[in-house]
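Engineer: Those protein sequences? They're chains B and W, same order as listed. Following the numbering used here, the numbering of the first sequence begins with 40 at its first residue and continues without gaps. Following the numbering used here, the numbering of the second sequence begins with 8 at its first residue and continues without gaps.
Wrong hints could be hidden among the right ones.
Taking lysine-lysine and the BS3-like style, the derived pairs with C-alpha atoms no more than 27 Å apart in a straight line are [claimed, not checked]:
(1) W:Lys12 with W:Lys116
(2) W:Lys113 with W:Lys78
(3) B:Lys96 with W:Lys78
(4) W:Lys12 with W:Lys78
(5) W:Lys78 with W:Lys116
(6) W:Lys63 with W:Lys12
(7) W:Lys12 with B:Lys96
(8) B:Lys52 with W:Lys12
(9) W:Lys116 with W:Lys63
(10) W:Lys75 with W:Lys61
(11) W:Lys113 with B:Lys96
(12) W:Lys12 with W:Lys75
Calculated from the model, a selection of chain W residues having no Cβ within reach of chain B, i.e. all distances over 12 Å [to be verified]:
(13) Lys12
(14) Gln13
(15) Arg24
(16) Ile25
(17) Ser35
(18) Leu41
(19) Thr52
(20) Lys63
(21) Gly67
(22) Lys75
(23) Ser76
(24) Val85
(25) Gly90
Keep in mind the hints are simulated off the structure, nothing from the lab. Glycine residues also receive a C-beta, built at the ideal position from the N, C-alpha and C atoms.
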Amino acid sequence: KAGVTQTPRYLIKTRGQQVTLSCSPISGHRSVSWYQQTPGQGLQFLFEYFSETQRNKGNFPGRFSGRQFSNSRSEMNVSTLELGDSALYLCASSLGGLAGSMQETQYFGPGTRLLVL
Amino acid sequence: DQQVKQNSPSLSVQEGRISILNCDYTNSMFDYFLWYKKYPAEGPTFLISISSIKDKNEDGRFTVFLNKSAKHLSLHIVPSQPGDSAVYFCAASAYGAGSYQLTFGKGTKLSVIP
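Looking at chain W on its own, in the form it has when it is part of the complex (with noise of 0.2 Å):
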């Protein structure tokens, strides 16, 4: 059972536009969420991250939602340049059993045509 679900396989965008990647969840536990970017052939580098006592954390160009009753978090982008053409992967945290578990989404292609 997929507890992390990024439901959008891939996106594409016009530069200078908005790009939202959405992701949902179904674990009532998790209290932390966070966004890792991924270029072919680079491990996942972390973006953006936010804690389940807030809705919302900014940071640059990149703002993440967090809407606790609904189960969903998105990312923002903007406004999204070619540099950002990269996989985006949702991820989730839970305590237990005494350490934290990172659940990761399965991913979302962003291509951002200029």
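Next comes chain B alone, as it looks inside the complex (with noise of 0.2 Å):
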């Protein structure tokens, strides 16, 4: 079975630009979440997607935003791209219980490293 994939793995952007990241969870899930990953910070939870509504959302500001596909892949979007945006952007997916659950594990795809300048 595949695993999550996201695409493209590698982005650089300019301040103030846009971007949208894609993902595909794997094959049979419908719930997908999204990480940032900063060194600073660590891993922090963006939001999550199940059934093309967000379930959940983090602490984040609006200019980050996603949508999920009938087809569960899901795209988020950063709108008037900041320097402290360049991160490794994470999605994960699970078969479409409560992510963060006990009853489902989470699988990550390999990030989009977002750089800006």
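Make one complex out of these two single chains by using the hints.
Structural biologist: Structure below.
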């Protein structure tokens, strides 16, 4: 079974631009979560989508948004990029129970490394 | 305020010896704890977990210990192997407002020296 895939793997943008990252979950998985990883803050939860609806949200500004399609693929968008948005963005999928619960193991993709200049 | 802390950014251990990775948390509502391992250029991989109703969980060479009164958990790897060299993240889960949310520590980089 193929794992979680994320595209692109690397991205360079300039301040003020916007970016869209894509995530394809494991086949059969309906929940997709996004995380931001930076050296100073570790992994921080952005949001979770299930059945095309945002089910949970972390403490990030409204510049960070996402969506999920009917095939469970998900995209996240960051508008008006800032230097501090440079990070590794990780996507994780799980079957469909509440992500983070004992019954739901999350499987992570390799991430998209975003550099904002 | 960091709710999950991994105070050692790095750890070096000789092959064959025990590796002990530590994690402290502050939120009493956390009821489920996990360890993830991450190799460079890969996403984190689930390693082992423990429920708050237990104090120990074993899986092969990996054992996680939970001390709720001290709000402390640790991951023991015995014996350590060079392939265990990776960044280890501790994570904790709490239920609230109809959903769970994982809170991660900043990670500990383990180097196992042959």
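Engineer: With d taken as the least Cβ-Cβ distance between W:Gln13 and chain B, does d exceed 12 Å?
Structural biologist: Label violated. Min Cβ-Cβ 8 Å, cutoff 12 Å.
Engineer: Can we trust that W:Thr52 is non-interface, i.e. its beta-carbon lies farther than 12 Å from all of chain B?
Structural biologist: Contrary to the label, W:Thr52 does not stay out of reach of chain B, its closest Cβ about 7 Å off (not over 12 Å).
Engineer: Beyond 12 Å from chain B, beta-carbon-wise, is W:Ser76?
Structural biologist: holds (21 Å)
Engineer: Evaluate the condition: distance from the CB of W:Gly67 to the nearest CB of chain B exceeds 12 Å.
Structural biologist: holds (17 Å)
Engineer: Run the distance test for W:Lys75 versus W:Lys61: straight-line Cα separation, threshold 27 Å.
Structural biologist: Roughly 9 Å separates the two Cα atoms, so the pair holds.
Engineer: Going straight from one Cα to the other, do W:Lys116 and W:Lys63 come out at no more than 27 Å?
Structural biologist: holds (23 Å)
Engineer: Run the C-beta distances from W:Arg24 to all of chain B and say if the shortest one exceeds 12 Å.
Structural biologist: Given that every Cβ of chain B is farther than 12 Å from that of W:Arg24, nearest at about 27 Å, it holds.
Engineer: W:Lys12 clear of chain B by more than 12 Å, beta carbon to beta carbon?
Structural biologist: violated (10 Å)
Engineer: Once the closest CB in chain B is found, is it more than 12 Å from W:Ile25?
Structural biologist: Nearest chain B Cβ is 25 Å from W:Ile25, so the label holds.
Engineer: Is the hinted pair B:Lys96 and W:Lys78 satisfied, with a Cα-Cα distance of at most 27 Å?
Structural biologist: holds (25 Å)
Engineer: Has the given pair, W:Lys12 with W:Lys116, been kept, meaning a C-alpha gap of at most 27 Å?
Structural biologist: holds (14 Å)
Engineer: Check the hint pairing W:Lys78 with W:Lys116 against an upper bound of 27 Å on the C-alpha distance.
Structural biologist: holds (22 Å)
In the structure shown, a violation is registered for the earlier hints numbered 8, 13, 14, 18, 19, in ascending order.
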